[in-house]
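A.B. asks: As a plain string of letters, each chain reads:
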Amino acid sequence: MADLIQALIGILAVGGAVFCLIAAIGVVRLPDALTRMHASSKAGTLGCGLILLSVALFFPGIDVVARAAAAILFLLLTTPVSAHMIGRAIYATGAPLWKGTGVDELKGTQDDPARRLGQ
Amino acid sequence: MTVFLETCLAVSVGLVAIALVLTAIRVLRGPTEGDRIVAIDLFGVLAVAMIAIFAIWLGEQVFLDAAIALALVAFFGTIAYARFVEHKAALKAKEPSDG
Amino acid sequence: MNLLVVNLLLALAWMAVNASFNLMGFIAGFILGHLILWLARPLFPGERYFRRTWGGCAYMLWLVKEIFVSAWAVAKSVIGVGDAVKPAVIAIPLDAKTDFEITLLACSITLTPGTLSMDVSPDRRTLYIHAMFAADPDTVRAETKAGMERRILEMLR
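Residue numbers (the working numbering), protein chains in the order written: chain A, 1 to 119; chain B, 1 to 99; chain C, 1 to 157.
If you are wondering where the hints come from, they were derived from the structure by calculation, not from laboratory data.
Zero decoy hints are in this set.
Simulated pairs of lysine to any residue, SDA-like, Cα-Cα distance not exceeding 25 Å: (1) B:Lys88 to B:Glu33; (2) B:Lys94 to A:Ala95; (3) C:Lys65 to A:Leu8; (4) C:Lys65 to A:Leu76; (5) C:Lys86 to B:Arg36; (6) C:Lys97 to A:Val81; (7) C:Lys86 to A:Arg29; (8) C:Lys86 to A:Ile25; (9) B:Lys94 to A:Leu97; (10) C:Lys86 to A:Trp98; (11) C:Lys97 to C:Gly147; (12) C:Lys76 to B:Val27; (13) B:Lys94 to A:Gly94; (14) C:Lys86 to A:Pro96; (15) B:Lys88 to A:Asp104; (16) C:Lys76 to A:Leu76; (17) C:Lys86 to A:Leu97; (18) B:Lys88 to A:Leu97; (19) C:Lys65 to A:Ala70; (20) C:Lys86 to A:Val103; (21) C:Lys65 to C:Ala96; (22) C:Lys145 to C:Arg51; (23) B:Lys88 to A:Pro31; (24) C:Lys65 to A:Gly15; (25) C:Lys65 to C:Gly147.
Just chain A, same shape as in the assembly:
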């Protein structure tokens, strides 16, 4: 039983590390800042969350489980907030989106941050 749990911990850790690596590859390979953010916010969160889960399984005490759960919850709460902030900042800098981008329903409207900030 203990061996089984140890195996589970190892598999979770490797799985989390693989997702971390995929997030990094995405940040290097994807075409523009906004698409890179998809890789970092999703794959990165899942990877880090899986690794924290394996920490929670590894240590016996309830206090470690509570702290790991708090860390995962914190990660899930902060990722969308920072992603939102980064997305707005990227758009506000007016850096051109990737040429393969389809429609841009924000550009030029009264809500366009590039325009709103200029006023």
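On the provided structure of chain A, position chains B and C as indicated by the hints.
C.D. replies: Chains B and C in isolation, oriented as in the chain A frame:
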């Protein structure tokens, strides 16, 4: 600790280390400021993951506290950088109308 | 939300009686207390507490599932075996009204399939999202409204 778990942890550390290097490349290369914020944000998350793996490997649960503290600080760093970039863009957009 | 206070008191009582002041004791006490209140629900007509807590749990599970699905989709496309990347910025008209509803929706959108919330218009009627696989923007719009927003509003209202 079984041999299997030991091997898994070594592999994980290697993968996350490669990820950290790739992310650092993106921070250095840019090209825009937005790319750098995204990469620095991911760098923080990866560092938290790395510390968590070491917590298991070395059996030190104190490392988990360090990971949580780093997660907090990295979050505020990202927010500050994003706001800085946004304000800089706003100032730049204002300039022509002032002059 | 008075029933929440009652539920917490019942959990506290359970912990005191068992002298088990730790997380497991609290969870056991809370679940038992919830069960007791649920059995006694004819006493509280028009109470939405049960629907909210159960809906909240169901929503959390659904969200975790979606996070896995989305991370998988993004991962496949990063490696080059998934859907082709076809990003777009899409405006979504909001039915959600209060701050909490909009915040929850925006956070959920960021965490799930290939979408990322970017900005809310100042009049709070439109949410702008960046989607990664948006060959057809109208499908993404319809899916987000029918899937995520409907779930959130059903849970909260």
